[in-house]
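Asks: Sequence:
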Amino acid sequence: MKLTRSAIMLLGLTTLPSMASTTEKSINTPQVLPKVIFFDVNETLLDLDNVAKSVTQALEGRDDLVNSWFTTMLHYSLVSNAIGEYHHFGDIGVAALQLVAKQNGIALSQSEANQAIQAPFRDLQPHLDVIKGLKQLQAQGIKLVTLTNSSDAGIESQLKNAHLTQYFDDSLTVQHLQVFKPDLRVYRWALEQMQVEADEAMLIAAHTWDIAGAAKVGMQTGFIQRPGQYQFALAEKADYVAADLIKLSEQVLANQP
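Going left to right, the sequence shown walks through residues -3 to 253 as my numbering numbers them.
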């Protein structure tokens, strides 16, 4: 799914108000090949175009509202963090879609919103570069782990349907902490689960707010610049940046940002 630049900026302003002011590492200078690489999944590895098409159909063909739905979903995940209340990310997506529909005079029941989101999200296909990129990293003995805002059942279905399960050593979700990325507790918990130091781990994502959270706790970071995705000017820049996972994995293995 291609988000507009204004939507990306909104995400940055909403989620990262002080990320550039202080950090647990002064300069992101990778010195070692990571032992563990954590991956965001939606949009980073999996193509969201089918979800965008389904949401557009639910909103009576209003493809201009897809960005509004996506930013509303992320906004209310952060509201949940702030007030200490947890809902599955998919449920937030359904409620966000109903809200956007109401705001635009579109009749949409909870059942219709659920149908528009839940099934498409679990049946996404990987970007064309993903499998080769994962194989390149896997061949070097690096442990590959997904780290997502999804539920356990959700990520299991996604990886199975995308035929990616065999490339990952483990899958971690926020269901166990009941807070969403980019809350720093998520990244610290992931490091503890994999028993690895922050500077020996990396997060690869296509979202600048996810990159900023990982960088804040001292992890190495790799940004896949999917179409419509840009780094936020006030956040710490990613250590590695590339247009796809193949190029990014080559940079990481060569230790040449």
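Certain hints may be false.
With a straight-line Cα cutoff of 20 Å, these simulated SDA-like cross-link-like pairs (lysine to any residue) come out [claimed, not checked]:
hint, residue 1, residue 2
1, 128, 98
2, 156, 167
3, 98, 81
With beta-carbon atoms standing in for the labels, derived distance ranges [as the list claims (entries may be wrong)]:
hint, residue 1, residue 2, range
4, 230, 49, 26 to 34 Å
5, 149, 45, 17 to 25 Å
6, 152, 99, 14 to 22 Å
7, 246, 223, 27 to 35 Å
8, 249, 71, 21 to 29 Å
9, 78, 239, 31 to 39 Å
10, 239, 119, 22 to 30 Å
11, 147, 80, 12 to 20 Å
12, 188, 251, 20 to 28 Å
13, 159, 230, 35 to 43 Å
14, 246, 106, 17 to 25 Å
15, 103, 243, 16 to 24 Å
16, 223, 102, 44 to 52 Å
Calculated from the structure, these hints are not laboratory results.
Since we're looking at a predicted model, the values are computed, not measured.
Beta carbons are placed, not taken as given, at the ideal position from N, Cα and C, and that holds for glycine.
Asks: All hints, please: hold or fail.
Replies: So, going through the hints one by one against the coordinates:
| no. | hint | verdict |
| --- | --- | --- |
| 1 | 128 <-> 98 | violated, 42 Å |
| 2 | 156 <-> 167 | holds, 12 Å |
| 3 | 98 <-> 81 | violated, 23 Å |
| 4 | 230 <-> 49: 26 to 34 Å | holds, 33 Å |
| 5 | 149 <-> 45: 17 to 25 Å | holds, 23 Å |
| 6 | 152 <-> 99: 14 to 22 Å | violated, 33 Å |
| 7 | 246 <-> 223: 27 to 35 Å | violated, 20 Å |
| 8 | 249 <-> 71: 21 to 29 Å | violated, 37 Å |
| 9 | 78 <-> 239: 31 to 39 Å | holds, 34 Å |
| 10 | 239 <-> 119: 22 to 30 Å | holds, 25 Å |
| 11 | 147 <-> 80: 12 to 20 Å | holds, 19 Å |
| 12 | 188 <-> 251: 20 to 28 Å | holds, 26 Å |
| 13 | 159 <-> 230: 35 to 43 Å | holds, 38 Å |
| 14 | 246 <-> 106: 17 to 25 Å | violated, 45 Å |
| 15 | 103 <-> 243: 16 to 24 Å | violated, 45 Å |
| 16 | 223 <-> 102: 44 to 52 Å | violated, 27 Å |
Going through the hint list in order, the structure does not satisfy hints 1, 3, 6, 7, 8, 14, 15, 16.
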